Amino acid sequence: MINIFRTEFFRLKHNKLFWVLFGVCGGLPVLGILLSVFITAFFGGMGMDVEVDVWAAMRLSNIPGQMLAEFPSLMSDNAMLSLICASIFISAEFSFGTVRNMVLARRSRTEIYFSLLITAVIIAVAYLSVSFATTLLFSASIFGFGSMSATNAFTAIITSFTLGIVSVIFVQSMMCMFLFCTRKLAPALALPLVICFFVPSVLVSIVQFVAVFKSIGDELFMPDLSWVPLYNSSMFDFTSKVDGALVGKVLLYNIPLSALFITLGWVSFRKADLK
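Counting with this note's numbering, you get residues 301 to 575 for the letters of the sequence shown.
Hints listed in this document are in silico derivations from the structure and should not be mistaken for laboratory results. All of these numbers come straight from a predicted model, not from anything done at the bench. Cβ coordinates follow ideal geometry from the N, Cα and C atoms, glycine included. Hints may contain errors.
Stated by the list, open to error - Cβ-Cβ distance ranges computed for the label pairs, FRET-style: (1) 388 with 366: 27 to 33 Å; (2) 501 with 407: 37 to 43 Å; (3) 331 with 507: 30 to 36 Å.
Unchecked claim - Computed list of lysine to aspartate or glutamate pairs in EDC-like fashion (alpha-carbon distance at most 16 Å, straight line): (4) 549 with 537; (5) 571 with 411; (6) 484 with 573; (7) 549 with 524.
Hey, can you work out the whole structure from these sequences and the hints?
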C-alpha cells in the first residue's frame, strides 16, 4: 500500500488540475469577503445622510460565523471542487489501465481500493483545509465573531471543520462507490453531483407535502426538517451557539451512509472483471 501511495502522491504533485482547483478553493473565501464588504458599503449608504461604518457593520453581522456554516454542507465549494478533482484523477487509473496492471502485479484488490479511496479523501481534506484556513485568516481575524464568546467561537470553528471532514468523506466515498462499480468517470462525477444538489430538495419537498396533507382537517403540523437526511447538513448557524442536537443528527446519517458506500464500492470492485 505504501508504494501505491507514493505513486499516487507523485502523480498528484505534478497534476495541474489539482493545483488549479486548490488555488480556487483558497481564493473563493476571499472573493466572498470582498463581495460582502461591497454589498454592505453599497446598500448601507443608499438613502442615508450619514456615513456608514462598514467595518462596524461587518463585525456585528458575524460574517465568519456565516461562512463557517457552509463547510458542513454537502454542496460546499470545497466539497464540489474536490469531487471534480478526485473523480478525474482516480478515474484515470482505470482508463490508462493502471489498476489492471496493479492487479497483474499481484496487488490485492482491497489494498488498491482503500489506497485510492484514501487518496480521494486526502484531496478533499486538502481542499477543505485551505478553504477553511483562508476563511479564518481573512474573515475571523479581521472581523471577529460579533457578540459570540471566545468559547462559542472556538466550538463553532472545531465543529465546522469536523463536520466539513465528515461531509467530504461522505461525498468522496459516494464517488468511489460509483467509480469502482462502473469504472467510468461520467457516473462517478455526475451521480454524486445530482445526489448532493437535488436529493435534499426532493426529500424536503416530500416531508413538507406530508406535513400539508396531515394538516388538512387537523391542527397545523410543522415538521422538524433537521431530521431530513442530507438536507440537515446545510441547516447550521454558527453566528450564535452550536446546535448539538443538529450535529448528532447529521452524524447519525452521514457516517453510516459513508460506511455503506465504502462497503458497496469494495464489494463491487472485488468481483469486477478488469480485462
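Hint check:
1. Between residue 388 and residue 366 the CB atoms are about 31 Å apart, so this pair conforms to the stated range of 27 to 33 Å.
2. With their beta carbons about 41 Å apart, residue 501 and residue 407 fall inside the hinted range of 37 to 43 Å.
3. Taking the beta carbon of each, residue 331 and residue 507 are about 34 Å apart, inside 30 to 36 Å as hinted.
4. The hinted pair formed by residue 549 and residue 537 meets the criterion: a straight-line CA distance of about 15 Å does not exceed 16 Å.
5. In summary, the hint linking residue 571 to residue 411 is supported, as the alpha carbons are separated by about 14 Å, within the 16 Å threshold.
6. Proximity of residue 484 to residue 573 is assessed by CA-CA distance (about 14 Å); at most 16 Å being required, the pair is judged to hold.
7. With a C-alpha separation of about 11 Å, the suggested pairing of residue 549 with residue 524 holds against the 16 Å cut-off.
In summary, this structure violates none of the numbered hints.
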